[in-house]
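S.K.: Residue-level listing of the chains:
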Amino acid sequence: MLEVSGLCAGYGRLPVLRDVSFSAAEGEILLIAGENGAGKTTLLQTIGGLIKPTAGSIRFEGRDVTGATPEDLVPRGLRLVLDGHRVFPELSVFDNIRLGAVASKTGKVAFDTAVDQIFEVFPILKQKANDKARSLSGGQQQMLTLSQAFVSQPKVLLCDEPSLGLAMALMPPIMNFLRSWAKSGTAVVIVEQHVQLALAVAARGLLMQRGSVVFDGTADEFAAETGIIAAPH
Amino acid sequence: MTSKISTGEHMIAARPSTARTGPSILDRSAKIQVVIGIAILVVATVVPSALGLSYWIGVINLATIYIVASVFMGLLLVDAGQVSFGHGAVFGAAAYAVGVACGMHGFSFPVGILFGVAAALVIGILFALPALRVQWFYLGFVTLSAAMVFPQMLFAFDSLTNGLNGISIPFTALNTPTAIGLSILSILSLVLGSLAILTSAIFPKTKLGRRMRVAAASPEAAQSLGISPGRMRFTAFMIASFGTGLAGVLYPPTVGFVSPNAFHLDISILFFFAVIVGGKGQPLGTIAGITLLYMLPNVFLAQLVEYRPLVYGLVAFLVMLLMPSGIIGGIVRWLTLRQKPQAMPALQFSQIVDATQSAKHPVGDIAIEIEGLRKVFGNVVAINNVSMNVRRGEIHGLVGANGSGKTSLLNVLNGFTNSDAGSVKVNGKEITSLKARDVAHLGVGRTFQTPRILEQLGAWDNVQIGLDAKLSPNPTRVSPAFVDSLRDTLGRLRTESIPHGQRRLLEVIRVILTDADILLLDEPAAGLSPEERVAFAGLLRDLRDKLGLTIVFVEHDLDLVARVADRVTVLESGAVIASGDVASVWENPRVKPLFVTVRHA
Amino acid sequence: MWQEYAIILIRGIGLGSVYALIAMSFNIVKVSSGILNFAQGNMFVLGGMLAYAAVALFGQPSFIVWLLLIPVAAIIIAVVLLIQGYLTLLPLSYSDDQQSWLITTMAVSIIIGAVLLLVQGPNALMVRSIFPNVPLFGMRVPAPFLLAIGLAVFWYVVLQWFLSKTLTGLAISALWQDPVAGRAAGLKVRRLQLLAFGLSGLIIGSTGFVAAPIITIASDSAVAYVLNGFVALVIGGVASNTGALIAGPLVGVAAMLATFKIGGEFQGLVSMLILVGILLIRPEGIFGSTAARRV
Numbered sequence: 001m002l003e004v005s006g007l008c009a010g011y012g013r014l015p016v017l018r019d020v021s022f023s024a025a026e027g028e029i030l031l032i033a034g035e036n037g038a039g040k041t042t043l044l045q046t047i048g049g050l051i052k053p054t055a056g057s058i059r060f061e062g063r064d065v066t067g068a069t070p071e072d073l074v075p076r077g078l079r080l081v082l083d084g085h086r087v088f089p090e091l092s093v094f095d096n097i098r099l100g101a102v103a104s105k106t107g108k109v110a111f112d113t114a115v116d117q118i119f120e121v122f123p124i125l126k127q128k129a130n131d132k133a134r135s136l137s138g139g140q141q142q143m144l145t146l147s148q149a150f151v152s153q154p155k156v157l158l159c160d161e162p163s164l165g166l167a168m169a170l171m172p173p174i175m176n177f178l179r180s181w182a183k184s185g186t187a188v189v190i191v192e193q194h195v196q197l198a199l200a201v202a203a204r205g206l207l208m209q210r211g212s213v214v215f216d217g218t219a220d221e222f223a224a225e226t227g228i229i230a231a232p233h
Numbered sequence: 001m002t003s004k005i006s007t008g009e010h011m012i013a014a015r016p017s018t019a020r021t022g023p024s025i026l027d028r029s030a031k032i033q034v035v036i037g038i039a040i041l042v043v044a045t046v047v048p049s050a051l052g053l054s055y056w057i058g059v060i061n062l063a064t065i066y067i068v069a070s071v072f073m074g075l076l077l078v079d080a081g082q083v084s085f086g087h088g089a090v091f092g093a094a095a096y097a098v099g100v101a102c103g104m105h106g107f108s109f110p111v112g113i114l115f116g117v118a119a120a121l122v123i124g125i126l127f128a129l130p131a132l133r134v135q136w137f138y139l140g141f142v143t144l145s146a147a148m149v150f151p152q153m154l155f156a157f158d159s160l161t162n163g164l165n166g167i168s169i170p171f172t173a174l175n176t177p178t179a180i181g182l183s184i185l186s187i188l189s190l191v192l193g194s195l196a197i198l199t200s201a202i203f204p205k206t207k208l209g210r211r212m213r214v215a216a217a218s219p220e221a222a223q224s225l226g227i228s229p230g231r232m233r234f235t236a237f238m239i240a241s242f243g244t245g246l247a248g249v250l251y252p253p254t255v256g257f258v259s260p261n262a263f264h265l266d267i268s269i270l271f272f273f274a275v276i277v278g279g280k281g282q283p284l285g286t287i288a289g290i291t292l293l294y295m296l297p298n299v300f301l302a303q304l305v306e307y308r309p310l311v312y313g314l315v316a317f318l319v320m321l322l323m324p325s326g327i328i329g330g331i332v333r334w335l336t337l338r339q340k341p342q343a344m345p346a347l348q349f350s351q352i353v354d355a356t357q358s359a360k361h362p363v364g365d366i367a368i369e370i371e372g373l374r375k376v377f378g379n380v381v382a383i384n385n386v387s388m389n390v391r392r393g394e395i396h397g398l399v400g401a402n403g404s405g406k407t408s409l410l411n412v413l414n415g416f417t418n419s420d421a422g423s424v425k426v427n428g429k430e431i432t433s434l435k436a437r438d439v440a441h442l443g444v445g446r447t448f449q450t451p452r453i454l455e456q457l458g459a460w461d462n463v464q465i466g467l468d469a470k471l472s473p474n475p476t477r478v479s480p481a482f483v484d485s486l487r488d489t490l491g492r493l494r495t496e497s498i499p500h501g502q503r504r505l506l507e508v509i510r511v512i513l514t515d516a517d518i519l520l521l522d523e524p525a526a527g528l529s530p531e532e533r534v535a536f537a538g539l540l541r542d543l544r545d546k547l548g549l550t551i552v553f554v555e556h557d558l559d560l561v562a563r564v565a566d567r568v569t570v571l572e573s574g575a576v577i578a579s580g581d582v583a584s585v586w587e588n589p590r591v592k593p594l595f596v597t598v599r600h601a
Numbered sequence: 001m002w003q004e005y006a007i008i009l010i011r012g013i014g015l016g017s018v019y020a021l022i023a024m025s026f027n028i029v030k031v032s033s034g035i036l037n038f039a040q041g042n043m044f045v046l047g048g049m050l051a052y053a054a055v056a057l058f059g060q061p062s063f064i065v066w067l068l069l070i071p072v073a074a075i076i077i078a079v080v081l082l083i084q085g086y087l088t089l090l091p092l093s094y095s096d097d098q099q100s101w102l103i104t105t106m107a108v109s110i111i112i113g114a115v116l117l118l119v120q121g122p123n124a125l126m127v128r129s130i131f132p133n134v135p136l137f138g139m140r141v142p143a144p145f146l147l148a149i150g151l152a153v154f155w156y157v158v159l160q161w162f163l164s165k166t167l168t169g170l171a172i173s174a175l176w177q178d179p180v181a182g183r184a185a186g187l188k189v190r191r192l193q194l195l196a197f198g199l200s201g202l203i204i205g206s207t208g209f210v211a212a213p214i215i216t217i218a219s220d221s222a223v224a225y226v227l228n229g230f231v232a233l234v235i236g237g238v239a240s241n242t243g244a245l246i247a248g249p250l251v252g253v254a255a256m257l258a259t260f261k262i263g264g265e266f267q268g269l270v271s272m273l274i275l276v277g278i279l280l281i282r283p284e285g286i287f288g289s290t291a292a293r294r295v
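Here the protein sequences line up with chains A, B and C, keeping their order. Under the UniProt record's numbering, the very last position in the first sequence is 233; numbers go up by exactly one each time. Under the UniProt record's numbering, the very last position in the second sequence is 601; numbers go up by exactly one each time. Under the UniProt record's numbering, the very last position in the third sequence is 295; numbers go up by exactly one each time.
Derived by calculation from the structure, the hints in this document are not laboratory data. Quantities reported herein were computed from a predicted structural model and do not represent experimental measurements. Among these hints, one or two may not hold up.
Ranges of calculated distance between the beta carbons of each label pair, as one might list FRET restraints [claimed, not checked]:
1. B:Trp56 / C:Gln60: 54 to 60 Å
2. B:Ile577 / A:Thr218: 48 to 54 Å
3. B:Arg231 / C:Thr242: 35 to 41 Å
Capping the alpha-carbon separation at 25 Å, the derived lysine-lysine pairs in DSS-like fashion look like this [what the hints assert, rightly or not]:
4. B:Lys435 / B:Lys470
5. A:Lys52 / C:Lys188
6. C:Lys261 / A:Lys132
7. A:Lys132 / A:Lys108
8. C:Lys188 / B:Lys280
9. C:Lys30 / A:Lys155
10. B:Lys429 / B:Lys470
11. A:Lys132 / A:Lys183
12. A:Lys126 / A:Lys52
13. C:Lys165 / A:Lys52
14. C:Lys165 / A:Lys105
15. A:Lys108 / C:Lys165
16. C:Lys30 / A:Lys132
17. C:Lys261 / A:Lys128
18. B:Lys546 / B:Lys470
19. A:Lys52 / A:Lys108
20. A:Lys128 / A:Lys52
Over 10 Å on every C-beta distance to chain B, these chain C residues come out as not near it, computed from the model [said to hold, decoys possible]:
21. Gln60
22. Tyr156
23. Val157
Cβ atoms here follow ideal geometry from the backbone N, Cα and C, with glycine treated the same way.
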């Protein structure tokens, strides 16, 4: 579904990613972990089209999309969710969800079905559908940003640190949502510092250090390598 | 939880700093620009006088005066972050005061100078008052309308100002060449111009300059460092008006005449454009700006009178299109682009505090005492009858779901928000009615959920503002070797290139440097990897054990809380549901839901 | 006596509707790109000039022709604004310095003013309304005052519908709340911002054309309109068209009162005092939610 090979990128002339290669298959959750400043966010933003790579290639559904912008990528089904639960604060919750469908041209029927699914998983969003998004708590905003991405029905979802700034107790519903989303055939790539939480749902794990991938393996191998045990099942 | 992930060897090492030369005040680019700038002013002033070109003497003097006014406009815009489109009114008021005093009432020029500067300061105060409430382009429009109204008022009160006719004053003595060939007026303009260029380079490097920038970039960060943003803005307007006033008083002797038409909105716009088109924050910027925007259309293309405004508008437009950072800014960028940028090395937590120090802290066992605290926003009760205390020298964790009131509580503790009821005593002193900056002066420091590492300041400046805010003259409690190596590293970095996770830690270091003995940290470990969390926990323990600090921290990572906190308070819907040592609180059934359970697939 | 006040009231509301329209045309650009277009006043004056040009070309137009000419004028100004918008947004895409628009929009304003001065000279152009004065409360009100009120209501309704009911409008109104999140969501950010510039051109072009007989069409009259439009914007609350629709007439009436009671030369002072007063008392405006204060 998604193949990244030899990817290099950075801010200005400052290199951040060095020769990153990995792939993500449909229906699986891939965890990217690593220290602060290891380049995880840069990697997601480069794949998502916000940063232009300086070398290497990104292939999506077998086609080369290196250097494509989100304007091109989102309609094709590759969607990045930024960290920090960023919503459009002055719009209503429902309008935030509607905006998710602008770029993907999701049809009316598909949109309605998607919204029904969202409201089933996150009933609080239905309850607050007409409230301004800024009145939501951080966790609810994270649910909202994911919902906004969900209605665009991406084939690849890139999700940057969904737990950032959230109470940990809020994470299970969000992780479970991602898990069932992946089961529907979407490749989900998440960057997460709370590795325990993410390993519980991830199929594979990737460890980055100073801009390079230093480990790539199954969730169990990852756990063995790093000594981190997945959250209790 | 153990970890086998190597933490990497690429870290800031504590190098001995004996070989360090004293920090230079100005960086290389600023030094070169000041030298070139003053050289240009000297040559431009001396050459026409030596050749006896009286037209050019006048042109250069006027251009120099405009440069001075633009420099102070730049100080307001770049250092204090205040948009003023009405600086021409300050300039005009000074010029008119001289005109009225000397031309209509026969005072001598030195007395006129006093009147002029006083008039400039009065307009400055008028601008500063709304600036206490509003900012950015709102303030821009207030000053813009003032600039439009100013000449109208000169007409309206024509009995005082001679109205449309203006005031003619020859000032021959000032314009007569002295023994060295320059007139007194030329000497005054040259000295003032050179001082202004020097000021524009040095001011940002002063403590006041840094504090002004912090206040402009983040009023919250400023208040938490004990700075009053309002006072900073007021000071900025006073400095800018004083400098512009000095320039304005030289206008009547240079031109020999003041009339309302000279102080239309156009002159305000000229000063504003000169700063940005020349290059914000560049010492040479205003010289480039005035040369392009004033000299080019009015002097070099003087034959094409009717095309002046067109040329002026086009030049400004094209420069911004091609060089958005202005002429000098663009050149400096282009030159620095060729230097290899540096990456920020990881910070070594264990080196931050290297020695145990006997702390001279306020006495008393209780650092913070909260009694019946309540805060309501609209119809939401953010803090509901909270009573708790924080013992001196303990690490106190604040946990709870999002929206449970943790940050609201921190905001009351450091004086950002005033509570509706209840009392908060810090070191025994009631703080509920104090402002944030006064609470900061009591020794309370804090960090923010979104780190306030400000791109308007240099990388090292962002840490140095902590030192600036130091509460006592004692040597800093952070390892001097660490501070030195940090200064070395950050001195070579651009603020934008500091990774987000590191910003949080720099902010923590900044607040330690202020000598605060109570630290309020808002999610300090967010975004840290598991092994960085272990190291961070070590830092918090060092701060408690070696320096005797009291730490209150909001954190979602309950493992981290359990690892380092002495006591913990759990909030739910703004109320305390449990408080005490970690073990007993964790057993509380009401706290259990905070813990994670991931169902198996 | 009461008739004098009725005149002030009706003319003030009419002129104020023009300020409201200027504020609305500010708003749509502001919400999509954070830019406050200083050249909007000149675009307004250009719209007025088109009305003058129409008379010069076709003689006094009939009602039908006049009605048809409104969209033509609106589209011409929209094209001018599209070009301006394109150039203004250009440096913002490759520079981290995001304030160049302050200069470029002011510079465009200066350039247009300079060109008008070259072409037209310093005198104001007079446009005669095709409609007779309307008898109202026993006096005769020039029709454009009433037409301006109608136009303000028209554009208000159109904008409210567009910005809340259509997905494109929704996207435009959301963009500046978080441009990066907008990009990540796949919104065509630049294109939407240009669309907003174009729309602001339709509003301001039609306003200039319709209000031509009651405004000052001169090379140096733009700043006063920008300023009064801005005062309406601030009183109503930035980003609120409802606020603009109500605040515009308030400003208009105050300006008329000042002109009638203290004299024209103090009109600028009165506008300024209103602006300062509002900013000191309620910086977020009547309907605004985002405060002007940053502390």
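S.K.: Would you mind marking each hint as holding or not holding in the structure?
M.R.: So, going through the hints one by one against the coordinates:
{"no.": "1", "hint": "B:Trp56 / C:Gln60: 54 to 60 Å", "in the structure": "holds (55 Å)"}
{"no.": "2", "hint": "B:Ile577 / A:Thr218: 48 to 54 Å", "in the structure": "violated (40 Å)"}
{"no.": "3", "hint": "B:Arg231 / C:Thr242: 35 to 41 Å", "in the structure": "holds (37 Å)"}
{"no.": "4", "hint": "B:Lys435 / B:Lys470", "in the structure": "holds (18 Å)"}
{"no.": "5", "hint": "A:Lys52 / C:Lys188", "in the structure": "holds (17 Å)"}
{"no.": "6", "hint": "C:Lys261 / A:Lys132", "in the structure": "violated (45 Å)"}
{"no.": "7", "hint": "A:Lys132 / A:Lys108", "in the structure": "holds (23 Å)"}
{"no.": "8", "hint": "C:Lys188 / B:Lys280", "in the structure": "violated (31 Å)"}
{"no.": "9", "hint": "C:Lys30 / A:Lys155", "in the structure": "violated (34 Å)"}
{"no.": "10", "hint": "B:Lys429 / B:Lys470", "in the structure": "holds (20 Å)"}
{"no.": "11", "hint": "A:Lys132 / A:Lys183", "in the structure": "violated (31 Å)"}
{"no.": "12", "hint": "A:Lys126 / A:Lys52", "in the structure": "violated (37 Å)"}
{"no.": "13", "hint": "C:Lys165 / A:Lys52", "in the structure": "violated (35 Å)"}
{"no.": "14", "hint": "C:Lys165 / A:Lys105", "in the structure": "holds (16 Å)"}
{"no.": "15", "hint": "A:Lys108 / C:Lys165", "in the structure": "holds (15 Å)"}
{"no.": "16", "hint": "C:Lys30 / A:Lys132", "in the structure": "holds (20 Å)"}
{"no.": "17", "hint": "C:Lys261 / A:Lys128", "in the structure": "violated (52 Å)"}
{"no.": "18", "hint": "B:Lys546 / B:Lys470", "in the structure": "holds (19 Å)"}
{"no.": "19", "hint": "A:Lys52 / A:Lys108", "in the structure": "violated (33 Å)"}
{"no.": "20", "hint": "A:Lys128 / A:Lys52", "in the structure": "violated (38 Å)"}
{"no.": "21", "hint": "Gln60", "in the structure": "holds (32 Å)"}
{"no.": "22", "hint": "Tyr156", "in the structure": "holds (23 Å)"}
{"no.": "23", "hint": "Val157", "in the structure": "holds (28 Å)"}
Checked against the numbered hints listed earlier, the structure breaks hints 2, 6, 8, 9, 11, 12, 13, 17, 19, 20; every other hint is satisfied.
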